[in-house]
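Q: Please work from the sequences and hints to get the whole structure.
Next come the chains, spelled out residue by residue.
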Amino acid sequence: MIPLALVTKNLGKHKLRFVLTVLSLSVAIFLLCVLRSLVVALNAGVADAAANRIIVQSKVSLFVQLPQSYGPRLALVEGVEALARWNWFGGYYQDPANFFAQFATDPEELFDVYPEIQVVEGSKADFLANRKACLLGVDTAAKYGIRVGDTMPIIGALYPTADGSAWDFTVAGLYESKRKSVDQNTLFFHYEYLEKSLESGFASGPGGVGIFVLKVAPGFDPVEVMSEVDALYENGPQAVQATSESEFQAQFVSMVGNVPLLVSSIGGGVMLAILLATLNTMLMSAREQTRDIGVLKALGFTDGSVSGVLFLQALVLAGCGGLLGMILATASAPGIAAAIGSMFPGYQVTRGTLLEAAGATALIGVLAGIAPAVRARAMTVIDALRAVR
Amino acid sequence: MGANPMIRLRGVTKSYTRGGEALVVLDRLDLEMEQGGFYALMGPSGSGKTTLLNLIGGLDHADEGQIWIEDEDIARMDGPELAAWRAEKVGFVFQGFNLIPVLTAQENVELPLLLTPLSRRERHEHARLALELVGLDDRRGHRPSQLSGGQEQRVAIARALVTDPRLILADEPTGDLDRKSADDVLGLLQRLNRDFDKTILMVTHDPEAAQKARAIVHMEKGGTLGRIEPLEAVRP
Ligand SMILES: Nc1ncnc2c1ncn2[C@@H]1O[C@H](COP(=O)(O)OP(=O)(O)OP(=O)(O)O)[C@@H](O)[C@H]1O
Ligand SMILES: [Mg+2]
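Heads up: the sequence lines are chains S and W, in that order. Taking my numbering, I'd label the letters of the first sequence as residues 1 to 389. Taking my numbering, I'd label the letters of the second sequence as residues 1 to 236.
Be careful, since some hints might not be right.
When the alpha-carbon atoms are kept at most 20 Å apart in a straight line, the in silico SDA-like pairs for lysine to any residue are as follows [claimed, not checked]:
1. S:Lys15 / W:Pro101
2. S:Lys15 / W:Arg143
3. W:Lys89 / S:Asp303
4. S:Lys180 / S:Lys215
5. W:Lys89 / S:Thr302
6. S:Lys13 / W:Thr104
7. S:Lys15 / S:Val27
8. W:Lys89 / S:Ile382
9. S:Lys9 / S:Leu315
10. S:Lys15 / W:Thr104
11. S:Lys9 / W:Leu114
12. S:Lys13 / W:Leu147
13. S:Lys9 / W:Arg143
14. S:Lys9 / W:His142
15. W:Lys221 / W:Arg28
16. W:Lys89 / W:Arg194
17. S:Lys9 / W:Gln146
18. S:Lys13 / W:Leu103
19. S:Lys178 / S:Glu121
20. S:Lys9 / W:His124
21. S:Lys9 / W:Pro101
22. S:Lys15 / W:Leu103
23. S:Lys215 / S:Pro115
24. S:Lys9 / W:Leu147
25. W:Lys89 / S:Met1
26. S:Lys132 / S:Leu198
Please keep in mind that the hints were generated in silico from the structure rather than gathered at the bench.
A: Laid out in structure tokens, this is it:
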């Protein structure tokens, strides 16, 4: 029989101390949720990758361009149903801080290879027909307030124009993506436009193609197609490396560094700090309740229920902080997604993340409650009653 | 002494080790106290009065000997058995009141009833009656810090009697009180003894307080018991 009134009333006795501890707990749990959600966002592309797509890149590095002539040859490999070129444009809109990706691609093939890309505003036909048109992700459009029909000036950092002016793209349509394999931030435009601009001297920059994306026809084994592609250029002129889409995405994530490890270390540090703070609060509070422990035991409460009074205080304390932190993380998710969506597309606080946060909260509560509970259990009535208040 | 002892100690020894040296506080002590008695336990500081009271109340373990309370030898009980025994059979009143500071008077008195099968409403009602008995039913919602020392001790007495134990142990219950409050508390203890047939053992340094009891037990330095001095007949 644990006198529950003692749990809540002792927590409420020092209101400021309680509030401060709950606030720091909630900040820590909030941070944990955010960090975890960043990792989830980073890995979303890996998790949602298509099994029937193959990425072909230079064996040397992702940043080494492949000759354009590879395209028609790759299309002939048995089992390749369609192919799209992706070429990193590396420009920016108005300010270098406004980061989102732009790719020069083959519009018709793009829709073929990526059925998840769906035009939701404007028209696909306009995008296909107009050489200077572009297709923009709805998230980027929303962020900068861009609408169909607008002209979008992009400064070509990697492909500067001869007179230093911006590239002007007409927004023909906005797309949504039905899978996490493609984010909703990207600007796609015609590869042909880039090619012609380089030829005419309007702009300069690296020629060739960044990657080829192959769509494997039904019934064909992507692994076989990959080894055939690898074999094709084994002896030059430039060796290639074919990877599955999920492998490619994973490699992309690890390029940013070992983010999950980094995030776990930061998260672990935050958890340790907040555990010590909570433990400190609990030990202080338990010391003040030493005489009460003696009184309860004298009245006939068992060692177990007396230590339960203290243990539950730690659980309730941690629970309040954890719950508040999880509410904060959930409530702020749309705002955070809007702010950093271009870096971490698909940022969201998932159920899994909330479960992990709940687990961390429970762990903190248990660890902060054990020491006071054990002390209360072990203390004799006589010793506890002698304690000065 | 009569044939109906409430408390019977046989060869009770208790020692403490301090700095490697054993200090024998009680040495093979024998003692009997009648049911329905009101005893004042007096003696010099350090003579072992609190130690004796704690042993009789099952708050501490004797090194040797038997401690019979009514028909049970509590010296043989283990921790959980003793806890259950205390909850049912004894009420404690301490010098420092020892109320729980975050609880109201009503809640403090209800606390020991949590260990009984009483319903919530019954607990509330019993505690209310106990507070009424000590004259504090108008202070039920007050916390200890909002009460005077005398009122705090009366709440503590209400808490000690609310489970209706046959034995009440009080360690210097008036030690921290002024004369007037002390007399109120002593009057209450007398009433509990007379009207409710509680056996009371009270440690006190105050000769005036001791005169309110029905017998005085003198304890010598070194834990030997002197005579029991009857102040009036135990049973009228
Ligand atoms: N937990 C303990 N550890 C060591 N020595 C103790 C302990 N408790 C009591 N003593 C010693 O035992 C002796 C008797 O103590 P006790 O508290 O029973 O005396 P008392 O008669 O109640 O004294 P007072 O009138 O001052 O309250 C004292 O010498 C005291 O120092
Ligand atoms: Mg004493």
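Q: If a hint holds in the structure, say so; if it does not, say that too.
A: Status of the hints after comparison with the structure:
{"no.": "1", "hint": "S:Lys15 / W:Pro101", "in the structure": "15 Å, holds"}
{"no.": "2", "hint": "S:Lys15 / W:Arg143", "in the structure": "17 Å, holds"}
{"no.": "3", "hint": "W:Lys89 / S:Asp303", "in the structure": "18 Å, holds"}
{"no.": "4", "hint": "S:Lys180 / S:Lys215", "in the structure": "17 Å, holds"}
{"no.": "5", "hint": "W:Lys89 / S:Thr302", "in the structure": "15 Å, holds"}
{"no.": "6", "hint": "S:Lys13 / W:Thr104", "in the structure": "13 Å, holds"}
{"no.": "7", "hint": "S:Lys15 / S:Val27", "in the structure": "18 Å, holds"}
{"no.": "8", "hint": "W:Lys89 / S:Ile382", "in the structure": "19 Å, holds"}
{"no.": "9", "hint": "S:Lys9 / S:Leu315", "in the structure": "14 Å, holds"}
{"no.": "10", "hint": "S:Lys15 / W:Thr104", "in the structure": "18 Å, holds"}
{"no.": "11", "hint": "S:Lys9 / W:Leu114", "in the structure": "17 Å, holds"}
{"no.": "12", "hint": "S:Lys13 / W:Leu147", "in the structure": "18 Å, holds"}
{"no.": "13", "hint": "S:Lys9 / W:Arg143", "in the structure": "12 Å, holds"}
{"no.": "14", "hint": "S:Lys9 / W:His142", "in the structure": "14 Å, holds"}
{"no.": "15", "hint": "W:Lys221 / W:Arg28", "in the structure": "14 Å, holds"}
{"no.": "16", "hint": "W:Lys89 / W:Arg194", "in the structure": "18 Å, holds"}
{"no.": "17", "hint": "S:Lys9 / W:Gln146", "in the structure": "16 Å, holds"}
{"no.": "18", "hint": "S:Lys13 / W:Leu103", "in the structure": "10 Å, holds"}
{"no.": "19", "hint": "S:Lys178 / S:Glu121", "in the structure": "15 Å, holds"}
{"no.": "20", "hint": "S:Lys9 / W:His124", "in the structure": "18 Å, holds"}
{"no.": "21", "hint": "S:Lys9 / W:Pro101", "in the structure": "10 Å, holds"}
{"no.": "22", "hint": "S:Lys15 / W:Leu103", "in the structure": "16 Å, holds"}
{"no.": "23", "hint": "S:Lys215 / S:Pro115", "in the structure": "11 Å, holds"}
{"no.": "24", "hint": "S:Lys9 / W:Leu147", "in the structure": "19 Å, holds"}
{"no.": "25", "hint": "W:Lys89 / S:Met1", "in the structure": "18 Å, holds"}
{"no.": "26", "hint": "S:Lys132 / S:Leu198", "in the structure": "14 Å, holds"}
Violated hints are absent here; each numbered hint is respected by the structure.
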